[in-house]
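Protein chains: 2
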Amino acid sequence: MHIVITGAGGFVGAALARHIVACGLPGQPAVTRLTLVDRRFDDPPDDARVRLLHGDFGVEQVLDAMFDPPVDVLFHLASVPGAEAERDCALGYRVNLMAPLALFERAASQERTARIVYASSIAVYGSALPATVDDATPPKPGISYGAHKQVGEIVLADLSRRGLVNGISLRLPGIVARPGFSAGHGSAFMSAILRAAQAGEHYTCPVSPAAACWWMSLQGCVGNLAHAAALDTSLLPAARTVTLPVLRLTVEEVVAALARRFGAQAVAGIRWQPDADIERVFGRMPALVPGIAERLGFAHDGNVDLLVERAL
Amino acid sequence: MHIVITGAGGFVGAALARHIVACGLPGQPAVTRLTLVDRRFDDPPDDARVRLLHGDFGVEQVLDAMFDPPVDVLFHLASVPGAEAERDCALGYRVNLMAPLALFERAASQERTARIVYASSIAVYGSALPATVDDATPPKPGISYGAHKQVGEIVLADLSRRGLVNGISLRLPGIVARPGFSAGHGSAFMSAILRAAQAGEHYTCPVSPAAACWWMSLQGCVGNLAHAAALDTSLLPAARTVTLPVLRLTVEEVVAALARRFGAQAVAGIRWQPDADIERVFGRMPALVPGIAERLGFAHDGNVDLLVERAL
Numbered sequence: 001m002h003i004v005i006t007g008a009g010g011f012v013g014a015a016l017a018r019h020i021v022a023c024g025l026p027g028q029p030a031v032t033r034l035t036l037v038d039r040r041f042d043d044p045p046d047d048a049r050v051r052l053l054h055g056d057f058g059v060e061q062v063l064d065a066m067f068d069p070p071v072d073v074l075f076h077l078a079s080v081p082g083a084e085a086e087r088d089c090a091l092g093y094r095v096n097l098m099a100p101l102a103l104f105e106r107a108a109s110q111e112r113t114a115r116i117v118y119a120s121s122i123a124v125y126g127s128a129l130p131a132t133v134d135d136a137t138p139p140k141p142g143i144s145y146g147a148h149k150q151v152g153e154i155v156l157a158d159l160s161r162r163g164l165v166n167g168i169s170l171r172l173p174g175i176v177a178r179p180g181f182s183a184g185h186g187s188a189f190m191s192a193i194l195r196a197a198q199a200g201e202h203y204t205c206p207v208s209p210a211a212a213c214w215w216m217s218l219q220g221c222v223g224n225l226a227h228a229a230a231l232d233t234s235l236l237p238a239a240r241t242v243t244l245p246v247l248r249l250t251v252e253e254v255v256a257a258l259a260r261r262f263g264a265q266a267v268a269g270i271r272w273q274p275d276a277d278i279e280r281v282f283g284r285m286p287a288l289v290p291g292i293a294e295r296l297g298f299a300h301d302g303n304v305d306l307l308v309e310r311a312l
Numbered sequence: 001m002h003i004v005i006t007g008a009g010g011f012v013g014a015a016l017a018r019h020i021v022a023c024g025l026p027g028q029p030a031v032t033r034l035t036l037v038d039r040r041f042d043d044p045p046d047d048a049r050v051r052l053l054h055g056d057f058g059v060e061q062v063l064d065a066m067f068d069p070p071v072d073v074l075f076h077l078a079s080v081p082g083a084e085a086e087r088d089c090a091l092g093y094r095v096n097l098m099a100p101l102a103l104f105e106r107a108a109s110q111e112r113t114a115r116i117v118y119a120s121s122i123a124v125y126g127s128a129l130p131a132t133v134d135d136a137t138p139p140k141p142g143i144s145y146g147a148h149k150q151v152g153e154i155v156l157a158d159l160s161r162r163g164l165v166n167g168i169s170l171r172l173p174g175i176v177a178r179p180g181f182s183a184g185h186g187s188a189f190m191s192a193i194l195r196a197a198q199a200g201e202h203y204t205c206p207v208s209p210a211a212a213c214w215w216m217s218l219q220g221c222v223g224n225l226a227h228a229a230a231l232d233t234s235l236l237p238a239a240r241t242v243t244l245p246v247l248r249l250t251v252e253e254v255v256a257a258l259a260r261r262f263g264a265q266a267v268a269g270i271r272w273q274p275d276a277d278i279e280r281v282f283g284r285m286p287a288l289v290p291g292i293a294e295r296l297g298f299a300h301d302g303n304v305d306l307l308v309e310r311a312l
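Top line first, the protein sequences correspond to chains A and B. For the first sequence, UniProt numbering assigns the number 312 to the last residue and increments by one with no breaks. For the second sequence, UniProt numbering assigns the number 312 to the last residue and increments by one with no breaks.
If we strip away everything but chain A, and leave its shape as in the complex, we get (with noise of 0.2 angstroms):
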């Protein structure tokens, strides 16, 4: 089978290239190629399967090639982040919203029926969340970048409805740990922190102890993005919607295990200095109850030290 991955040069989607390359799909037919669609890549897989397409996912040439061979599996997660797409309209406008579009239209005018799993974003619920939040809970998003994953939700479950692909998205929460220091997004203190701990470095935390955040390792988003692609769809909601488990944990307790795991010198640099804006956005998540997602096999890391082991 043909796998396509955009951003797959990017944090996700060079972890997601390398976990197929290795391990396939789960219960899927052999990958025979795997086009990473990137503007650029750092390390890609060294496998004779895989293409590297230098370029924009929303180019009509880059397109084209994708789509040659036809595609049994999209994995679209190229995006601009949150905090940037809010800075740079047009950029957000064309990356997030026209070029997706676009992409989906394509996949849905080739004969074969593509699966396309899309890396929709918690990010569609806003930051006025109820007090538990549910497979009912609207989607209200507050930036730009949620209101066009939202967006993409709506046109890729129109699409699938009609037959024309068959796809799943996936809201997934902010994933850890980043390398590096990550400016578009705002949930960047969350890899942040740990990487810190590993390091045993100084680190000036914009949010409270008591914060509490919505926690994924890079591992369990990739297990739940592959689970995704082999998922029998017919059990998903008309919506095509999955917010994908998550641990619900206050930073205080990450940098406890973070302090199991590392000692407790390791976190001893760790300074609090809470930004309202950041508190008000990213810590203060609600309760998950994710429904669909767990009765469809999605999972979060376990628990707290878990996710430390998986995330570092």
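A couple of the hints might just be wrong.
Identical chains share a label here; the pair holds if one copy fits it or two copies do between them.
[To be verified] As a list, the in silico DMTMM-like pairs of lysine to aspartate or glutamate whose alpha-carbon atoms are at most 25 angstroms apart:
| id | residue 1 | residue 2 |
| --- | --- | --- |
| 1 | K140 | D72 |
| 2 | K140 | D232 |
| 3 | K140 | D275 |
| 4 | K140 | E84 |
| 5 | K140 | E294 |
| 6 | K140 | E279 |
| 7 | K140 | E86 |
| 8 | K140 | D277 |
| 9 | K140 | D88 |
| 10 | K140 | D43 |
| 11 | K140 | E201 |
| 12 | K140 | E309 |
These are computed hints drawn from the structure, not numbers from a lab.
Dock chain B against chain A, hints included.
Positioned in the frame of chain A, the structure of chain B alone reads:
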């Protein structure tokens, strides 16, 4: 002020254009230019301020012309009707999804903040409606037309949040009484039964007498569109959507009003041959509580006799 209407050759657009030429917009500066955009015009208003743009609102050169001079109020009415879009996926995708997003982006890029009045549709709700529809009822579109309208709402709300446009989405019901036979509208029977009674012709109605529909006259619709253009949008919810007040009437009640208006013989030629699909989608409309809409001064036609009088 410069007003633009897309779909200005259509049933609603042409009436809105005539209304604006005659009355301007309530409480707004005088209209200096009215640009009408459509692929054809049957009977455009004869007025020095009116400019006709023959073409497709999604085409670059037409967009260039539309926004020169800068636009103060944009009524975006152009769309492919629901049943037609359901038949022709590519056409619906282009006209109801991609082109409006390009149009909104163009409006957002001009220096002046354009008021955008977007003709959305009750099709966003889908056909599995709750017993009562109110401002909290979430959209669950069942056809592409409704999905694409919902997308337009979301994107318009986001651009409005950013202050790049000042948008409002009106969810319109079927508007009566369209002339002729409109194959593109699943709700065409609502107009056809009115026209048949007016003409004293035979008509076979595809829903039962007990079918309950949401009714609005063309005159009422035009009034609500003009009202939206002049409204204080700071009173709108963040989603910037308004489900307009409607008269919920059974077809039987409408036929009784037609008999009062045109005489019993005018409706003697009506036969009933319910189609289960049409009855299900258009003939089981629940109660509507238009909270936001009524607070903001939108209105339905008053009563069934006024509806019939205004519609014909």
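Going down the list of hints, with the structure as the test:
In this assembly of identical chains, the alpha carbons of K140 and D72 never lie at most 25 angstroms apart, being 32 angstroms within a copy and 28 angstroms across copies at closest. Taking the closest pair of Cα atoms, K140 and D232 come within 25 angstroms of each other only across two copies (22 angstroms); inside a single copy the shortest separation is 28 angstroms, beyond that limit. For a Cα distance limit of 25 angstroms, the shortest separation of K140 from D275 inside one copy, 23 angstroms, qualifies, whereas the shortest one across copies, 37 angstroms, does not. In this assembly of identical chains, K140 and E84 lie within 25 angstroms of each other by CA distance solely inside one copy; the values are 20 angstroms within and 30 angstroms between copies.
When the C-alpha separation of K140 and E294 is checked against a cutoff of 25 angstroms, the pair qualifies both within a copy, at 23 angstroms, and between copies, at 23 angstroms. With identical chains, the CA atoms of K140 and E279 are at most 25 angstroms apart within one copy only, with a shortest distance of 19 angstroms there and 32 angstroms across copies. Taking the shortest Cα distances, K140 and E86 sit within 25 angstroms of each other inside one copy (16 angstroms), while across copies they are farther apart (27 angstroms). Taking the shortest alpha-carbon separations for K140 and D277, only the intra-copy value of 18 angstroms comes in at or below 25 angstroms, while the best inter-copy value is 32 angstroms.
Within a single copy, K140 and D88 get their C-alpha atoms as close as 21 angstroms, which meets the 25 angstroms cut-off; across copies the closest is 30 angstroms, which misses it. Within a single copy, K140 and D43 get their C-alpha atoms no closer than 37 angstroms, and across copies no closer than 42 angstroms, so neither meets the 25 angstroms cut-off. Taking identical chains as interchangeable, the C-alpha atoms of K140 and E201 are never at most 25 angstroms apart, the minima being 38 angstroms within one chain and 49 angstroms between chains. Neither within a single protomer nor between protomers do K140 and E309 lie at most 25 angstroms apart by alpha-carbon distance, with minima of 34 angstroms and 40 angstroms respectively.
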